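*Asks:* Protein chains in written order, with the working numbering: chain A, 5 to 119; chain B, 3 to 117.
Read the hints as simulated data drawn from the structure, not as lab findings. Given the structure is predicted, the values throughout are model-derived calculations rather than measurements. C-beta: ideal position from N, C-alpha, C; glycine also. It cannot be assumed that every hint is accurate.
[Stated by the list, open to error] Quick look at which bits of chain B chain A covers, simulated, 3 or more residues with Cβ under 8 Å: (1) 13-21; (2) 100-106.
[To be verified] So the derived label-pair ranges between C-beta atoms look like this: (3) B:Gln7 x A:Leu114: 39 to 49 Å; (4) B:Leu47 x A:Asp46: 20 to 30 Å; (5) B:Val83 x A:Thr30: 32 to 42 Å; (6) A:Phe56 x B:His28: 17 to 27 Å; (7) A:Glu118 x B:Gln7: 41 to 51 Å; (8) B:Arg4 x A:Phe29: 15 to 25 Å.
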Amino acid sequence: MYKSTGFISFVLRRFTGVALVLYLFTHMWVIGSVNSGPEAFDARLNLVQTPFFKLAEIALLAAVVYHAFDGIRLIIVHYFDVTEYRKSLFYAIFAISAILVIAGGIPILLFALEG
Amino acid sequence: MRIFQMQRVSAIALLVFLTIHMIVVHYPPFHIDFNRILVRMNQPLWKGIDIAFLFFVLIHALTGAYMVLTDVERFNKYQRVLAGLAILIGIMAFIYGAQTILAFSAPVSVNAMVR
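Starting from the given sequences, assemble the full structure and let the hints guide the process.
*Replies:* In structure tokens:
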């Protein structure tokens with residue numbers, strides 16, 4: 005059971021989901037300072053623009069992309085009669101996610117390395 | 003069942019809003035500061051799009067968090083409390099976020115610069 009694609013996708017979906025909820029409220033906290041003026045906004049933004057957070061954006065991208073594509077897979081499996089393709093769909097979304105994370109991660113990495 | 007449907011509907015809405023958000027705001031990655039975001043946040047259409055995005059993302063995040071928590075046996079008996087908490091956090095976060103978006107207006111000097 006623990007090696008089935010269904011279980012792996014369930015765990016990854018939950019894990020990325022919880023991470024994204026935590027990110028959402030942090031994001032709202034940062035953007036919430038926009039009405040306090042440029043200095044206050046930039047000061048709060050600077051807290052999350054350290055090299056560590058810039059690199060963490062790659063993990064964020066991975067979480068968003070995987071969570072979104074796994075959601076699309078779930079919707080397809082739920083609303084269309086494709087149960088027998090469940091496994092193939094999981095591998096497909098995993099491959100698409102990996103390609104998108106690499107494609108999107110490289111510019112983020114280069115930007116982070118610029119300092 | 004209602005929560006499950008809210009998850010699905012908000013997920014489909016998020017696929018649209020998140021794609022727009024990622025392309026317009028975050029890709030390609032660049033240094034974000036106050037001046038970068040005010041051009042977009044100052045436009046009524048973007049205010050509407052951002053508020054709709056906020057609405058769906060909060061529904062998706064809070065129903066998701068509720069489902070993750072109630073899956074844990076220990077929390078299952080607190081379903082009503084957790085639902086109430088999720089609704090309360092959702093309303094508070096929506097008011098905070100929407101108020102931030104609606105109240106935003108670029109400083110006069112920057113307005114002139116943007117035009």
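*Asks:* Would you mind marking each hint as holding or not holding in the structure?
*Replies:* Now the hints, each set against the structure:
| no. | hint | in the structure |
| --- | --- | --- |
| 1 | 13-21 | holds (count 5) |
| 2 | 100-106 | holds (count 3) |
| 3 | B:Gln7 x A:Leu114: 39 to 49 Å | 42 Å, holds |
| 4 | B:Leu47 x A:Asp46: 20 to 30 Å | 25 Å, holds |
| 5 | B:Val83 x A:Thr30: 32 to 42 Å | 25 Å, violated |
| 6 | A:Phe56 x B:His28: 17 to 27 Å | 18 Å, holds |
| 7 | A:Glu118 x B:Gln7: 41 to 51 Å | 45 Å, holds |
| 8 | B:Arg4 x A:Phe29: 15 to 25 Å | 24 Å, holds |
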